[in-house]
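Student: Order-wise, the sequence lines are chains G and B.
In terms of UniProt numbering, the first sequence is numbered consecutively and its last residue is 185.
In terms of UniProt numbering, the second sequence is numbered consecutively and its last residue is 141.
Calculated from the structure, these hints are not laboratory results.
Every value quoted in this text rests on a predicted model; they were computed, and no experiment measured them.
Among the clues, some could well be false.
Said to hold, decoys possible - With a straight-line cut-off of 30 Å between C-alpha atoms, the simulated DSSO-like cross-links for lysine-lysine are:
id	chain 1	residue 1	chain 2	residue 2
1	B	K118	G	K46
2	G	K160	G	K17
3	G	K160	B	K118
Stated by the list, open to error - Over 12 Å on every C-beta distance to chain B, these chain G residues come out as not near it, computed from the model:
id	residue
4	K17
5	V18
6	R32
7	N45
8	L64
9	D74
10	D80
11	E144
Built from N, CA and C at the ideal position, the CB exists for glycine as well.
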Amino acid sequence: MKAALRPGDAAFANVEKVNAELFTLTYGAVVRQLLTDHEDVDDVNKQLDSMGYNIGIRLIDEFLAKSNSAKCADFRETADVIAKVGFKMFLGVSPTVANWSPDGKECSLLMDDNPLVDFVELPDTCQGLSYCSILCGVLRGALEMISMRTEVRIVKDMLKGDDVYEIRMRLIETVPEELPYKDDE
Amino acid sequence: MIVCVGVVGQANNPLFIQSYTEGDDALKFHHVVHCALDVIEEKATPKKGGTGYNETYLGLLYPTEDYKVYGYVSNTRVKFIMVSDDLDAKEADVRGFFKRFHAAYVDAALNPFHVPGKRLASPTFAARVNGIVNGFGKSTA
Numbered sequence: 001m002k003a004a005l006r007p008g009d010a011a012f013a014n015v016e017k018v019n020a021e022l023f024t025l026t027y028g029a030v031v032r033q034l035l036t037d038h039e040d041v042d043d044v045n046k047q048l049d050s051m052g053y054n055i056g057i058r059l060i061d062e063f064l065a066k067s068n069s070a071k072c073a074d075f076r077e078t079a080d081v082i083a084k085v086g087f088k089m090f091l092g093v094s095p096t097v098a099n100w101s102p103d104g105k106e107c108s109l110l111m112d113d114n115p116l117v118d119f120v121e122l123p124d125t126c127q128g129l130s131y132c133s134i135l136c137g138v139l140r141g142a143l144e145m146i147s148m149r150t151e152v153r154i155v156k157d158m159l160k161g162d163d164v165y166e167i168r169m170r171l172i173e174t175v176p177e178e179l180p181y182k183d184d185e
Numbered sequence: 001m002i003v004c005v006g007v008v009g010q011a012n013n014p015l016f017i018q019s020y021t022e023g024d025d026a027l028k029f030h031h032v033v034h035c036a037l038d039v040i041e042e043k044a045t046p047k048k049g050g051t052g053y054n055e056t057y058l059g060l061l062y063p064t065e066d067y068k069v070y071g072y073v074s075n076t077r078v079k080f081i082m083v084s085d086d087l088d089a090k091e092a093d094v095r096g097f098f099k100r101f102h103a104a105y106v107d108a109a110l111n112p113f114h115v116p117g118k119r120l121a122s123p124t125f126a127a128r129v130n131g132i133v134n135g136f137g138k139s140t141a
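Chain G extracted, bound-state conformation:
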């Protein structure tokens, strides 16, 4: 266990850090602005998810360049690396991976501590808002770039009174890597 934690800590030490309150307030301002622009809460959830996707497809390169992690053999290992290295590197927290489905294609990331939601309290008017759905988008985008199509959603949300954050990841398929051109062309 300890050996698995070490790469995350090393990566965390290597990345540049930003003040936590600045980060939380910036994200809060983004969500608020989206709420004013879209009005409908479901649209905001979708928008956050697609913003996350756009972050994810870029962030994965940063991650691969700085984390020195080896190629993962299967989805289990991938989930482990995401939790221990990825989250540690970019959010400073390490969720636990749990609730594996028997076929090894679906699992949950459990977080007790989420820097995105410090100070946040959902008002009654936006109870349907999935405040952290940006995280789902990031995971989906990042995994898609390394040829894994996934479906990611939030099933438990501390802002809605649950005791933990649970992000459910399901591997839909592994897309075989396609080379853009043939050798003889």
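The hints should help you fit chain B onto chain G, whose structure is shown.
Tutor: The following block gives chain B in isolation, referenced to the frame of chain G:
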């Protein structure tokens, strides 16, 4: 014991008032808090020619027959008022109370869904203030 606490915004608009007595005397405390604003105004305005008086804790604002009213004003001119029926509360306790009260307000104001200058409707803030009020005077007792 603390009987009432209040937060008043920059334009002297009430943001949060909560009384902790059994009876239905919210109106009375509204009045007490309202009166306190005048005293705060007087105390917190820097005097002409004087040195910049920059203390946030204003101390005892005025005593009434049954209560003592204390005040605290942040540098953003948000006023915190506390009404106590304990006629000889320790100053250190009162200062500590305002410090915690202010911290609770700051955290509530950092909520992205809170609009500055609007009423503090957050139940978490109310619960936290409740806890601070209940803990008042117990640390040194």
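Student: Beyond 12 Å on every Cβ pair: is that true for R32(G) relative to chain B?
Tutor: 5 Å, violated
Student: Next pair to validate is K160(G) with K118(B); report whether the Cα-Cα distance is within 30 Å.
Tutor: 23 Å, holds
Student: Is the Cβ of D74(G) farther than 12 Å from every Cβ of chain B?
Tutor: At roughly 39 Å from the nearest Cβ of chain B, D74(G) sits farther out than 12 Å, so the non-interface label holds.
Student: Mind checking the alpha carbons of K118(B) and K46(G) for me, to see if they're no more than 30 Å apart?
Tutor: Between K118(B) and K46(G) the Cα gap is close to 29 Å, so the pair holds against 30 Å.
Student: Are all C-beta atoms of chain B more than 12 Å from that of E144(G)?
Tutor: 29 Å, holds
Student: Hey, is V18(G) genuinely clear of chain B, shortest beta carbon separation above 12 Å?
Tutor: 16 Å, holds
Student: Given the proposed pairing of K160(G) with K17(G), does the C-alpha separation stay at or below 30 Å?
Tutor: 29 Å, holds
Student: Is it the case that L64(G) keeps its Cβ farther than 12 Å from each residue Cβ in chain B?
Tutor: Holds, because the least Cβ-Cβ distance between L64(G) and chain B comes to about 32 Å, which exceeds 12 Å.
Student: Closest CB-CB distance from K17(G) to chain B, is it above 12 Å?
Tutor: 19 Å, holds
Student: Minimum C-beta separation from N45(G) to chain B exceeding 12 Å: can you confirm that?
Tutor: 16 Å, holds
Student: Could you let me know if the closest chain B CB is still more than 12 Å away from the CB of D80(G)?
Tutor: Label holds. Min Cβ-Cβ 32 Å, cutoff 12 Å.
Hint 6 from the list above is the single one not met by this structure.
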